[in-house]
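Participant: Given the structure of chain E, go ahead and fit chain P onto it with the hints provided.
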Amino acid sequence: MSTLRKSAVWIALLLVLTFGLMGCGSDNSETKDADKMKVGFVFVGPAGDHGWSYTHDQGRKYLESKIPDVKATVVESVSDNDAEKVITQLVEDGNKIIFTTSFGFMDPTISVAEKYPDVTFMHCSGFKTADNASNYFGRIYQARYLSGLIAGKMTETNVIGYVAAFPIPEVVRGINAFTLGVREVNPNAVVKVVWTNTWLNPPQEKDAAKSLLEQDADVIAQHQDSPGPLQAAEEKGVYSIGYNSDMSKFAPKGYLTSPVWNWGPYYVNVVNAVKEGTWTNEPYWGTMADNVVDLAPMSSLVPEDVKKLVEDKKQKISAGEWDVFTGPVKDQQGNIKVPAGQKMTDEEMLGFDWFVEGVDGTIPKN
Amino acid sequence: MSISLITAVLAAAITAGTPILYASLGELITERAGILNLGVEGMMLVGAVTGFMVTVQTGNHWLGFCAGMFFGGLVALIHAILTVTLRANQVVSGLALTMFGTGFSGYLGQKMIGIPLESPFRAFNLLGLGKIPFIGTVFFQQDALVYLSYLLVPLCWYFLFRTNAGLNLRAVGEHPGAADAAGLNVALLRYLAVFVGGVLSGAGGAYLSLAYSPSWVQNMTAGRGWIAVALVIFAMWNPLKAIVGAYLFGGIEALGFRLQAVGITISPFFLKMLPYLFTIFVLVLVTSGRNAGAPAALGLPYEREER
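So the sequences go chain by chain: E and P.
Under this note's numbering, the residue at position 328 of the first sequence is numbered 328, and the numbers go up by one with no gaps.
For this note's numbering, add 1000 to where a residue sits in the second sequence, where the first one is 1.
In short, the hints are calculated from the structure, not lab data.
There could be a bad hint or two in this list.
Okay, derived cross-link-like pairs now, DSS-like style, lysine-lysine, Cα gap no bigger than 30 Å in a straight line [claimed, not checked]:
(1) P:1111 x E:71
(2) P:1131 x E:85
(3) E:307 x E:253
(4) E:38 x P:1111
(5) P:1111 x E:236
(6) P:1272 x E:236
(7) P:1131 x E:36
(8) E:236 x P:1131
(9) P:1272 x E:253
One chain only, chain E, in its complex shape (with noise of 0.2 Å):
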């Protein structure tokens, strides 16, 4: 008995390590250069994950490509009650700029900060600030707005369908936007909205959305990082609009195009900021002259047409002539809300709970 025990130990073993190694093999080309400047990066998810934390470790390339000595160190798939270690060990480390790119990376981004006013901690999605920390996001709704000029164009049941992800303002206001869109082109075209309350978890979305092409909608739109939404469209045979990077290769036969994140330039010229010690802990909200967002190339599915239409809003709204959320904006029950010729303010956006006229969905009071 003991001898087979002691053979099933290893075994165990054996079976352990085969799996351990299975995985093995990545590259760790890793340089030591002292008088290189270090700046950190805090994922919460993988950084491939061809959404969110990918468009900023594209942000991360683009900066290394542009600021040679620049070393950048990445961690990824932090849960938010890792942050504050992960962050703490990467100003151990000699990172003397630090870059936290998910919501709820914000307060222990703020402990950090305190504790170490040498460092410039950069938190992006959030409100809060320090002497030596701030926040930055872009205006991902002016892209959004973009595509819903598309998918009011090209929907022919007039229902439009949204998979959104949790009610908060800024998911809102995505919806929001793209509804303004939308009804510019196609008074008649409605929004409709499903919550998934996932930022990814693919089988659900694409359920959620299956539920609103059986609801007749023809175009779909998404806030996930997930191609869920994308597959089920492409399956019956509609048009979708993809989110954070192109997603073209999911429905290759109905994408039209995506609102994309594009971090590279900020984060360049925050890190020059910081050398040249002209950085300041103002608040950040990119524009789309900025060049943050942007609306990925529409596909060949996009008439000329309509092209032009996007092409000339987007000239409007980056030379700042006019914003999304300009009057007359009214809500789901027909009330002005935004008289005609006035804007709303940075903070009333970043308030938003309410859905404008054309929206058919609820925000859920949780």
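Facilitator: Okay, now just chain P, sitting in the frame of chain E:
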């Protein structure tokens, strides 16, 4: 609710229920042999990622599905060695397996994220049955793996309750001492049951990454493994009840979005809670009677000397 909405909900319930069904059939067989394996979530994830990787490499989704099953079974063997041969605590080992599977699948799948699958399992009309109104739309416009699961359920039931091998397996789960005395190889049968459990969990995982939403995402099972474990109790260790439960639990998931789409909002958190609530309810109901159907030796290690 209109008839088209009901059809849509039921068809979606089957798709959503299928991964849970595969995994819970596996767990059911494992538990029938007296071994509790809480590693379903981990085995599903390993099945999902390996199935996806092999399909990407070979372009053949059946090969991928087999790989998912094989690796699911292989991971389960760790549990078998720990609990059958080494007689470790089954709960601890199972939980460890889930954690291991979660981390390991994420690690393996790093390069697989964001890759589309050229040849996923696609829905097709089975033998023209899909043209039957209502029933056809619900049951026979699915993919091959759903049809396979239709066959698997009666097969499992027949095996467990109508064959000698099934009887032996159940004997090992009810009274391993007596089974041993009757000349059955308790350890071997338990190993096999755990392996088959892993194979079917792997199949459930591969269903997610190859058919349901063809892609790989870290943690894509999102708790379905736990629902599968709960479902075994809900089904009172009977495959025929498991299929009902799987579609019921799948239906809850499918219903939430459809209700939203027609303007009825129920908190998604409430819906997510329901499968577990049902399970507790059934557990209370059946244990207040005499026999819940749980194998008597479930969770207990067997050692001949201790007889």
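Participant: Next step is simple, just say for each hint if it's right about the structure.
Facilitator: Hints, verified against the model:
Proximity of residue 1111 of chain P to residue 71 of chain E is assessed by CA-CA distance (about 23 Å); at most 30 Å being required, the pair is judged to hold. About 59 Å separates the Cα atoms of residue 1131 of chain P and residue 85 of chain E, which puts this hinted pair outside 30 Å; it is violated. A distance of roughly 18 Å separates the Cα atoms of residue 307 of chain E and residue 253 of chain E; the hinted pair therefore holds under the 30 Å criterion. Of the supplied pair hints, the one linking residue 38 of chain E and residue 1111 of chain P holds, its CA atoms being roughly 26 Å apart against a limit of 30 Å.
For the hint pairing residue 1111 of chain P with residue 236 of chain E, the CA-to-CA distance comes to about 29 Å; that is within 30 Å, so the pair holds. Straight-line distance between C-alpha atoms of residue 1272 of chain P and residue 236 of chain E comes to about 27 Å, which keeps the hinted pair within the 30 Å bound. The hinted pair formed by residue 1131 of chain P and residue 36 of chain E fails the criterion: a straight-line CA distance of about 68 Å is larger than 30 Å. Proposed proximity of residue 236 of chain E and residue 1131 of chain P is supported: the alpha carbons are some 18 Å apart, at most 30 Å.
Proximity of residue 1272 of chain P to residue 253 of chain E is assessed by CA-CA distance (about 34 Å); at most 30 Å being required, the pair is judged violated.
Hint compliance for this structure: hints 2, 7, 9 are broken, all remaining hints hold.
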